[in-house]
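Chain by chain, the residues:
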Amino acid sequence: MSNDLQIILAGSFVATACGLLGCYLILRKMAMVGDAISHAVLPGIVLAFLFTGSRDSVTMVIGAGIIGVLTTFLIEFFHKKGKLQTDASIGVTFTWLFAIGVILISVFAGKVDLDQDCVLYGEIAYVPIDLWITDAGTVMGPRVLYISGTVLLIILVFIATGYKELFLTTFDPAYATAVGISTVLWHYLLMGAVSITTVASFESVGAILVVALLIAPPATAYLLTEDLFKMMVLTTIIGVLVSVSGYYLAVATDGSIAGAMATMAGLFFGLAFLFSPTEGYLVKKFRKEKAVMH
Amino acid sequence: MITQVENPIVEIHDLTVSYDKKPVLWDVDLSLPKGHLIGIIGPNGAGKSTLIKSVMGLIPNSSGYIKLFDQDLSKVRGRISYVPQRETVDWDFPASVIDVVLMGRYGKLGLFKRPRKADIEVAMDCLRKVDMEAFKDRQISQLSGGQQQRVFLARALAQQADLYFMDEPFAGVDAATEKTIIKLLREMTERGNTVIVVHHDLQSVPQYFDWVIMLNMRLVASGPTESTFTSEILQETYGGKLTLLSEVGNLLKQGRFPSREQTEVKN
Numbered sequence: 001m002s003n004d005l006q007i008i009l010a011g012s013f014v015a016t017a018c019g020l021l022g023c024y025l026i027l028r029k030m031a032m033v034g035d036a037i038s039h040a041v042l043p044g045i046v047l048a049f050l051f052t053g054s055r056d057s058v059t060m061v062i063g064a065g066i067i068g069v070l071t072t073f074l075i076e077f078f079h080k081k082g083k084l085q086t087d088a089s090i091g092v093t094f095t096w097l098f099a100i101g102v103i104l105i106s107v108f109a110g111k112v113d114l115d116q117d118c119v120l121y122g123e124i125a126y127v128p129i130d131l132w133i134t135d136a137g138t139v140m141g142p143r144v145l146y147i148s149g150t151v152l153l154i155i156l157v158f159i160a161t162g163y164k165e166l167f168l169t170t171f172d173p174a175y176a177t178a179v180g181i182s183t184v185l186w187h188y189l190l191m192g193a194v195s196i197t198t199v200a201s202f203e204s205v206g207a208i209l210v211v212a213l214l215i216a217p218p219a220t221a222y223l224l225t226e227d228l229f230k231m232m233v234l235t236t237i238i239g240v241l242v243s244v245s246g247y248y249l250a251v252a253t254d255g256s257i258a259g260a261m262a263t264m265a266g267l268f269f270g271l272a273f274l275f276s277p278t279e280g281y282l283v284k285k286f287r288k289e290k291a292v293m294h
Numbered sequence: 001m002i003t004q005v006e007n008p009i010v011e012i013h014d015l016t017v018s019y020d021k022k023p024v025l026w027d028v029d030l031s032l033p034k035g036h037l038i039g040i041i042g043p044n045g046a047g048k049s050t051l052i053k054s055v056m057g058l059i060p061n062s063s064g065y066i067k068l069f070d071q072d073l074s075k076v077r078g079r080i081s082y083v084p085q086r087e088t089v090d091w092d093f094p095a096s097v098i099d100v101v102l103m104g105r106y107g108k109l110g111l112f113k114r115p116r117k118a119d120i121e122v123a124m125d126c127l128r129k130v131d132m133e134a135f136k137d138r139q140i141s142q143l144s145g146g147q148q149q150r151v152f153l154a155r156a157l158a159q160q161a162d163l164y165f166m167d168e169p170f171a172g173v174d175a176a177t178e179k180t181i182i183k184l185l186r187e188m189t190e191r192g193n194t195v196i197v198v199h200h201d202l203q204s205v206p207q208y209f210d211w212v213i214m215l216n217m218r219l220v221a222s223g224p225t226e227s228t229f230t231s232e233i234l235q236e237t238y239g240g241k242l243t244l245l246s247e248v249g250n251l252l253k254q255g256r257f258p259s260r261e262q263t264e265v266k267n
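These protein sequence lines are chains A and B, in that order.
Counting from 1, position 272 in the first sequence corresponds to residue 272 in the working numbering; the numbering is continuous, with no gaps.
Counting from 1, position 226 in the second sequence corresponds to residue 226 in the working numbering; the numbering is continuous, with no gaps.
Watch out, some of these pointers could steer you wrong.
Here are some chain B residues the structure puts well away from chain A; computed CB gaps all over 10 Å [said to hold, decoys possible]: (1) S63; (2) D70; (3) Q71; (4) D90; (5) S96; (6) Q139; (7) H200.
Distance condition first, Cα-Cα at most 27 Å in a straight line; then the derived DSS-like pairs of lysine-lysine [stated by the list, open to error]: (8) A/K164 x B/K22; (9) B/K117 x A/K230; (10) B/K21 x A/K83; (11) A/K230 x B/K113; (12) B/K22 x A/K83; (13) A/K29 x A/K230; (14) A/K164 x B/K108; (15) B/K75 x A/K230; (16) B/K75 x A/K164; (17) B/K183 x A/K164; (18) A/K81 x B/K22; (19) A/K164 x B/K136; (20) B/K179 x A/K164; (21) B/K136 x B/K75; (22) B/K108 x A/K80; (23) A/K230 x A/K284; (24) B/K136 x B/K67.
In short, the hints are calculated from the structure, not lab data.
Note that CB positions come from ideal geometry on N, CA and C, so glycine has one too.
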């Protein structure tokens, strides 16, 4: 597999996993919770490194998963018990956890194989050289591809099995509770899924830009369709397009790949906003003018 | 004037419900007969919706217990259906009419299972009952208020329950929808189902309901409409009592959080 293809593939895996979960986040009006989780998992990752001394992916996923769910819990806790507005609660919680992560990295910089720039901005260009080599010495290929591939698989299985529960608890939580489907359980399962996806993504696109992949593709798809399943299919397609076009934009400008991918995600959203056949700004305006003329 | 019944389908005993330590329902004690169309009547903030939410287990009780079919809620969930207020959901959600009605089948399906052909047939049958068959594939964002209410009703019907709780199903719907709904509710009670409806419009009460619950933070009356829906009881329900009880509630709340006094006043 060529280097280009490996990078694009890793980007597509990450963008798809993020985008699929992002569909639920934006429909639950929780887009910023996704942002919060993506930042707040940082101390979890660093602590997992420190305790186990390895960059073993399973440890990272567990560490980040715990902190991610804790973040959601804290946001709810401050909102409900402290009567704080949700956005204020999000702002306090994730910056605080993220800051702890930043301190941990700088303090233990010598002990952990982590680089601040890499964590913040990601370095997907390293995918082809960061190889997974077994104890026996066999080279299995790029490590990030395995991680992001596995996480994507987990997310697909999660959504396929819980599709109707996620659908109902997102659309009408009170009714879901009334028919005996636990909204709390599905809320935390979804947040756990967002957390592990973020870990898989932070090495490739970084903690800051991952939110572009969580929100922009589903927000674009939301403007293009009115059917949840189609929205998820479109999100996947947009995610792959973002990855491919972002990579070539980075090559053309000789710039950051993660930055280029997020830029393309924004560009696609802008196009959908202007030209969507149902919700597009220009289409609506054109329709209005036509109506006036008649 | 609280009429208790033998073999009640709903039995509420000493129920008190609080939001944020402030009681909104005080010591409600009533029992309801099977197979009736029952209206919950009272002014704004009387706790009408709170009462059914608490019976459905959506909000915790401060004290008291509730029995449905002489059992705990958890054992009989499958026999109970609920129609929330229309405004509680986002109607711009990417879903079609049939998607929403099929949600009524989810409780029976259990985890991981998809709706089958039989479920779709039930859903279509329920859409037919509310005259919305032609709208099966319509996006819910394109529905009028009355149509939204019909879809919610069809979803509840798809549960094929014995006991129905409906939160203001007549609020903001057109006359045709109101007619369709009331006809349907009558048919349901004739078949032996029990329907409990939160209702706002006093004028239609005697015409619609054969049993009424008069509520104003406490239970004023519960009984057959002709003997309970009297001007005397109405006056008691809508009279000056509300202010007194809500003041007591405010005092209680402030007593427990003295330092929070300022914010409470603002709220």
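Verification of the supplied hints:
1. Non-interface call for B/S63 relative to chain A: holds, since the shortest CB-CB distance, roughly 21 Å, exceeds 10 Å.
2. Listed as a non-interface residue, B/D70 keeps its Cβ farther than 10 Å from every Cβ of chain A; the least gap is roughly 19 Å.
3. Taking the minimum C-beta to C-beta distance to chain A, about 14 Å, the non-interface status of B/Q71 holds against the 10 Å cut.
4. With 10 Å as the threshold on Cβ separation, the claim that B/D90 sits away from chain A is violated: the shortest Cβ distance comes to roughly 8 Å.
5. The claim that B/S96 lies off the interface is violated: its Cβ sits roughly 7 Å from the closest Cβ of chain A, which falls inside the 10 Å cut-off.
6. Not every Cβ of chain A is farther than 10 Å from the Cβ of B/Q139; the closest lies at roughly 4 Å, contradicting the non-interface assignment.
7. Non-interface status of B/H200 relative to chain A is upheld: no Cβ of that chain comes within 10 Å, the nearest being about 19 Å off.
8. In summary, the hint linking A/K164 to B/K22 is not supported, as the alpha carbons are separated by about 36 Å, beyond the 27 Å threshold.
9. Restraint check: the Cα-Cα separation between B/K117 and A/K230 comes to about 21 Å, which is no more than 27 Å; the hinted pair holds.
10. As the CA atoms of B/K21 and A/K83 are separated by approximately 14 Å, the hinted pair is consistent with the 27 Å bound.
11. Of the supplied pair hints, the one linking A/K230 and B/K113 holds, its CA atoms being roughly 20 Å apart against a limit of 27 Å.
12. Between the alpha carbons of B/K22 and A/K83 the distance comes to roughly 15 Å, so the proposed pair stays at or under 27 Å and holds.
13. Distance check on the hinted pair: A/K29 and A/K230 sit about 19 Å apart at the alpha-carbon level, within 27 Å; holds.
14. At most 27 Å may separate the alpha-carbon atoms for a hinted pair to count; A/K164 and B/K108 meet this at roughly 12 Å.
15. For the suggested pair B/K75 and A/K230, the alpha carbons sit about 37 Å apart, so the restraint of at most 27 Å is broken.
16. As the CA atoms of B/K75 and A/K164 are separated by approximately 23 Å, the hinted pair is consistent with the 27 Å bound.
17. Straight-line distance between C-alpha atoms of B/K183 and A/K164 comes to about 31 Å, which puts the hinted pair past the 27 Å bound.
18. Straight-line distance between C-alpha atoms of A/K81 and B/K22 comes to about 15 Å, which keeps the hinted pair within the 27 Å bound.
19. Taken as a hint, the A/K164 and B/K136 pair is honoured in the structure, with Cα atoms around 18 Å apart against an allowance of 27 Å.
20. Between the alpha carbons of B/K179 and A/K164 the distance comes to roughly 32 Å, so the proposed pair goes past 27 Å and is violated.
21. Restraint check for B/K136 and B/K75: not satisfied, since their Cα atoms lie roughly 33 Å apart, outside the 27 Å limit.
22. This hinted pair does not check out: B/K108 and A/K80 have alpha carbons roughly 32 Å apart, beyond 27 Å.
23. Straight-line distance between C-alpha atoms of A/K230 and A/K284 comes to about 22 Å, which keeps the hinted pair within the 27 Å bound.
24. Distance hint between B/K136 and B/K67 is unfulfilled; the C-alpha atoms sit about 37 Å from each other, more than 27 Å.
In this structure, the earlier hints numbered 4, 5, 6, 8, 15, 17, 20, 21, 22, 24 are contradicted, and the remaining ones agree with it.
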